[in-house]
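Protein sequence lines correspond, in order, to chains A and B. If you count the first sequence from 1, position 169 lands on 168 in numbering that gives the first Met the number 0, and the numbers rise without skipping. If you count the second sequence from 1, position 13 lands on 12 in numbering that gives the first Met the number 0, and the numbers rise without skipping.
Don't take every hint at face value.
What the hints assert, rightly or not - Mimicking BS3-like on lysine-lysine, the simulated pairs with C-alpha atoms at most 30 Å apart in a straight line are:
hint : chain 1 : residue 1 : chain 2 : residue 2
1    : A       : K184      : A       : K400
2    : A       : K43       : A       : K117
3    : A       : K159      : A       : K184
4    : A       : K400      : B       : K92
5    : B       : K92       : A       : K398
6    : A       : K398      : B       : K73
7    : A       : K43       : B       : K78
8    : B       : K78       : A       : K400
9    : A       : K159      : A       : K117
10   : B       : K73       : A       : K400
11   : A       : K184      : A       : K117
12   : B       : K97       : A       : K398
13   : A       : K32       : B       : K78
14   : A       : K184      : A       : K32
15   : B       : K73       : B       : K92
16   : A       : K32       : A       : K43
17   : B       : K92       : B       : K78
18   : B       : K78       : A       : K117
19   : B       : K73       : B       : K97
20   : A       : K184      : A       : K398
21   : A       : K43       : A       : K159
22   : A       : K117      : A       : K32
23   : A       : K85       : A       : K32
24   : A       : K84       : B       : K92
Stated by the list, open to error - Reference listing, derived: stretches of chain B covered by chain A, where coverage requires no fewer than 3 residues with Cβ under 8 Å from a Cβ of chain A:
hint : region
25   : 46-56
26   : 64-70
Because the hints were derived from the structure by calculation, they are not lab data. Ideal placement from N, C-alpha and C gives every residue a C-beta, glycine not left out.
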Amino acid sequence: MVIIGAGECGVRAAFALRENGYGGSITLVGAEKHLPYERPPLSKDAMISEEHPAPRTIASEHQFLERNISFLADTAVTGIDRKAKKVIFANGNSLAYDKVLLATGAIPRILPLAVESKHCTYLRSYDDALAIRARFQPGANIAIIGGGFIGLELAASARKRGASVTVLETQARVLMRGVPEEIAKIIAARHAQEGVHLRCGIELSGISDNDARATITLADGESLEADLVVIGIGATPVTALAEAAGLEIGNGIIVNEHLQTDDPAIFAAGDCCAFPLSIYGGRRVRLEAWRNAQEQGTLAARNMLGLAEPHLSVPWFWSDQYDLGLQVSGLADEGSTIIRRDLGDDAFILFHLASDGRLVAASGIGPGNAVARDIRLAEMLIARRAYPDPAHLAASDIKLKSLLAA
Amino acid sequence: MSDWIEACTADDIDEEDVMRFDHEGRTFAIYRSPDDEFFATDGLCTHEHIHLADGLVMDDIIECPKHNGRFNYKTGQAKGAPVCVNLRTYPVKVEAGKVLIQLSQ
Ligand SMILES: Cc1cc2nc3c(=O)[nH]c(=O)nc-3n(C[C@H](O)[C@H](O)[C@H](O)COP(=O)(O)OP(=O)(O)OC[C@H]3O[C@@H](n4cnc5c(N)ncnc54)[C@H](O)[C@@H]3O)c2cc1C
Ligand code: FES
Numbered sequence: 000m001v002i003i004g005a006g007e008c009g010v011r012a013a014f015a016l017r018e019n020g021y022g023g024s025i026t027l028v029g030a031e032k033h034l035p036y037e038r039p040p041l042s043k044d045a046m047i048s049e050e051h052p053a054p055r056t057i058a059s060e061h062q063f064l065e066r067n068i069s070f071l072a073d074t075a076v077t078g079i080d081r082k083a084k085k086v087i088f089a090n091g092n093s094l095a096y097d098k099v100l101l102a103t104g105a106i107p108r109i110l111p112l113a114v115e116s117k118h119c120t121y122l123r124s125y126d127d128a129l130a131i132r133a134r135f136q137p138g139a140n141i142a143i144i145g146g147g148f149i150g151l152e153l154a155a156s157a158r159k160r161g162a163s164v165t166v167l168e169t170q171a172r173v174l175m176r177g178v179p180e181e182i183a184k185i186i187a188a189r190h191a192q193e194g195v196h197l198r199c200g201i202e203l204s205g206i207s208d209n210d211a212r213a214t215i216t217l218a219d220g221e222s223l224e225a226d227l228v229v230i231g232i233g234a235t236p237v238t239a240l241a242e243a244a245g246l247e248i249g250n251g252i253i254v255n256e257h258l259q260t261d262d263p264a265i266f267a268a269g270d271c272c273a274f275p276l277s278i279y280g281g282r283r284v285r286l287e288a289w290r291n292a293q294e295q296g297t298l299a300a301r302n303m304l305g306l307a308e309p310h311l312s313v314p315w316f317w318s319d320q321y322d323l324g325l326q327v328s329g330l331a332d333e334g335s336t337i338i339r340r341d342l343g344d345d346a347f348i349l350f351h352l353a354s355d356g357r358l359v360a361a362s363g364i365g366p367g368n369a370v371a372r373d374i375r376l377a378e379m380l381i382a383r384r385a386y387p388d389p390a391h392l393a394a395s396d397i398k399l400k401s402l403l404a405a
Numbered sequence: 000m001s002d003w004i005e006a007c008t009a010d011d012i013d014e015e016d017v018m019r020f021d022h023e024g025r026t027f028a029i030y031r032s033p034d035d036e037f038f039a040t041d042g043l044c045t046h047e048h049i050h051l052a053d054g055l056v057m058d059d060i061i062e063c064p065k066h067n068g069r070f071n072y073k074t075g076q077a078k079g080a081p082v083c084v085n086l087r088t089y090p091v092k093v094e095a096g097k098v099l100i101q102l103s104q
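Isolated chain A (complex conformation) (with noise of 0.2 Å):
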């Protein structure tokens, strides 16, 4: 069994084949030097934190011994021959498989007028959030473009570094993908309270530099200083190795409800892979959250032994900025109407129902985890496809526990 990408969902592939009774050789083939390492704290604890920050490692040497996994770092996989059935590597070396899983994850999308610029940079990996950290000083000034997740992590962070810092955003809000106005608001209003210019809205012409900083230039003719630029306008999944490989491609590697592709022998899961979301009808779907890599990982790695397990989570993902906590679990575009429900201490949850009446999606922020309880029982009552009534869930004295017993 050969995995290509070391990353969350790789990782746990490899160990959820051991424990699921495999006893051939399991390698595990991951681009970057380091040990595999979680990305979730690159923009939060590792930007703010006093010491020099070590990555959070998912998996130790030891533990690859252990279980006899033979971890491959600093080694890119550059082409698969189908037909010999053998990953190539850059030094012309190949490797025979059996069943091929790429995780190979995904990469931050490129912004066309930022190529130039010296001043500007990405957060994807270990490396790159060392290179920013070190520039959230004290005085600095930092502007980031893109208010999704990344960015406004990475603009909580800059301001507890005591930097000043502009986001700018091409759309009429924050957090446009994902996430309710109700709550990106909240969000927004935090991050001005917090001295954060939030500039949403605005279009951006060019971006040039002198030795110490770039400046931005908007299609309004006005400019913007600043000595470091960080970009986080998506990512893109990384498909090239399949694309060459023949296999389909869309908004990524295109997989069926098993995660193989059109090659059984090959399977994709995590960030790169585009699947069917069985919970709403077999929508296909990219996403890029932390724990549907960790599950994918598993489930690929079960059906690579062949048991032909579907995929049936809910999505979920979580961001901390400041000492706030947001939890969504399903995709909040399902739903088309909205139910409140209080929890108290600033922290609520915003039911989603489709129209007839089904919940589809819970989203909830509140300061540190006061809405985890509750989206999680939301997630549950997602996954049996239930069509609570909308008194309950707003009622705040009736617990979401009864309503899971009903």
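Since chain A is already given, all that's left is putting chain B with the ligands on it; use the hints.
What follows is chain B with the ligands alone, placed relative to chain A:
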């Protein structure tokens, strides 16, 4: 032995629920199982030191509110990624409606 500490009363916790208990700079989580027994563990998740008492109890599992790491709160056993380090557990007894936990051991 005088190392039994009163954490709360039995009525403070619903069945299949959890409560936070702080004592001398340490934090614990006290659980009441669906079959009405009481248990205690360290209060912080072994992944990122998050208070488990904000999490969800299902049968004998406590699920961390932050990234859904799961532990068996009766044994402290970590149930898999992202948590791999077990939770410490503490003996618990209920006397006259009071929940007592034994810390030094
Ligand atoms: C800064 C940041 C913060 C985040 N915060 C959150 C959050 O708060 N909540 C949340 O739910 N999600 C968050 N995410 C998303 C989450 O980290 C991803 O969904 C998850 O990492 C996806 O895992 P993956 O294994 O599919 O892909 P990746 O983590 O991208 O791993 C893919 C790996 O494959 C390697 N690779 C690619 N091609 C090859 C090749 N040809 N040969 C060898 N190796 C190759 C890459 O180098 C990479 O290491 C965040 C992501 C980032 C970047
Ligand atoms: S902090 Fe508990 S699972 Fe991450």
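Each hint, compared with the structure:
Between the alpha carbons of K184/A and K400/A the distance comes to roughly 29 Å, so the proposed pair stays at or under 30 Å and holds. With a CA separation close to 24 Å, the supplied pair K43/A and K117/A stays within the 30 Å bound. Of the pairs offered as hints, the one joining K159/A and K184/A holds, with about 21 Å between alpha carbons and a cut-off of 30 Å not exceeded. Straight-line distance between C-alpha atoms of K400/A and K92/B comes to about 27 Å, which keeps the hinted pair within the 30 Å bound.
Proximity of K92/B to K398/A is assessed by CA-CA distance (about 28 Å); at most 30 Å being required, the pair is judged to hold. With a CA separation close to 24 Å, the supplied pair K398/A and K73/B stays within the 30 Å bound. A hinted pair counts as satisfied when its Cα atoms are at most 30 Å apart, and K43/A with K78/B qualifies at roughly 26 Å. In summary, the hint linking K78/B to K400/A is supported, as the alpha carbons are separated by about 22 Å, within the 30 Å threshold.
Restraint check: the Cα-Cα separation between K159/A and K117/A comes to about 25 Å, which is no more than 30 Å; the hinted pair holds. Of the supplied pair hints, the one linking K73/B and K400/A holds, its CA atoms being roughly 21 Å apart against a limit of 30 Å. Note on K184/A and K117/A: the hinted pairing is violated, with a Cα-Cα distance of about 33 Å set against a maximum of 30 Å. Taken as a hint, the K97/B and K398/A pair is honoured in the structure, with Cα atoms around 25 Å apart against an allowance of 30 Å.
About 29 Å separates the Cα atoms of K32/A and K78/B, which keeps this hinted pair within 30 Å; it holds. Between the alpha carbons of K184/A and K32/A the distance comes to roughly 40 Å, so the proposed pair goes past 30 Å and is violated. For the given pair, K73/B sits about 13 Å from K92/B by alpha-carbon distance, which is consistent with the 30 Å threshold. Proximity of K32/A to K43/A is assessed by CA-CA distance (about 22 Å); at most 30 Å being required, the pair is judged to hold.
For a cut-off of 30 Å, the pair hint linking K92/B to K78/B stands: about 25 Å separates their Cα positions. For the hint pairing K78/B with K117/A, the CA-to-CA distance comes to about 45 Å; that exceeds 30 Å, so the pair is violated. For the proposed pair K73/B and K97/B, the alpha carbon gap of about 19 Å is at most 30 Å, so the pair holds. A hinted pair counts as satisfied when its Cα atoms are at most 30 Å apart, and K184/A with K398/A qualifies at roughly 27 Å.
Restraint check for K43/A and K159/A: satisfied, since their Cα atoms lie roughly 10 Å apart, inside the 30 Å limit. Between K117/A and K32/A the CA atoms are separated by roughly 24 Å; this keeps the pair inside 30 Å, and the hint holds. Taken as a hint, the K85/A and K32/A pair is honoured in the structure, with Cα atoms around 23 Å apart against an allowance of 30 Å. A threshold of 30 Å between alpha carbons decides the hint, and for K84/A with K92/B the separation of about 61 Å lies outside it, so the pair is violated.
Counting residues of the region 46-56 of chain B whose beta carbon lies closer than 8 Å to any beta carbon of chain A gives 5, which meets the minimum of three for the stated coverage. Counting residues of the region 64-70 of chain B whose beta carbon lies closer than 8 Å to any beta carbon of chain A gives 4, which reaches the threshold of three, so the coverage claim holds.
Checked against the numbered hints listed earlier, the structure breaks hints 11, 14, 18, 24; every other hint is satisfied.
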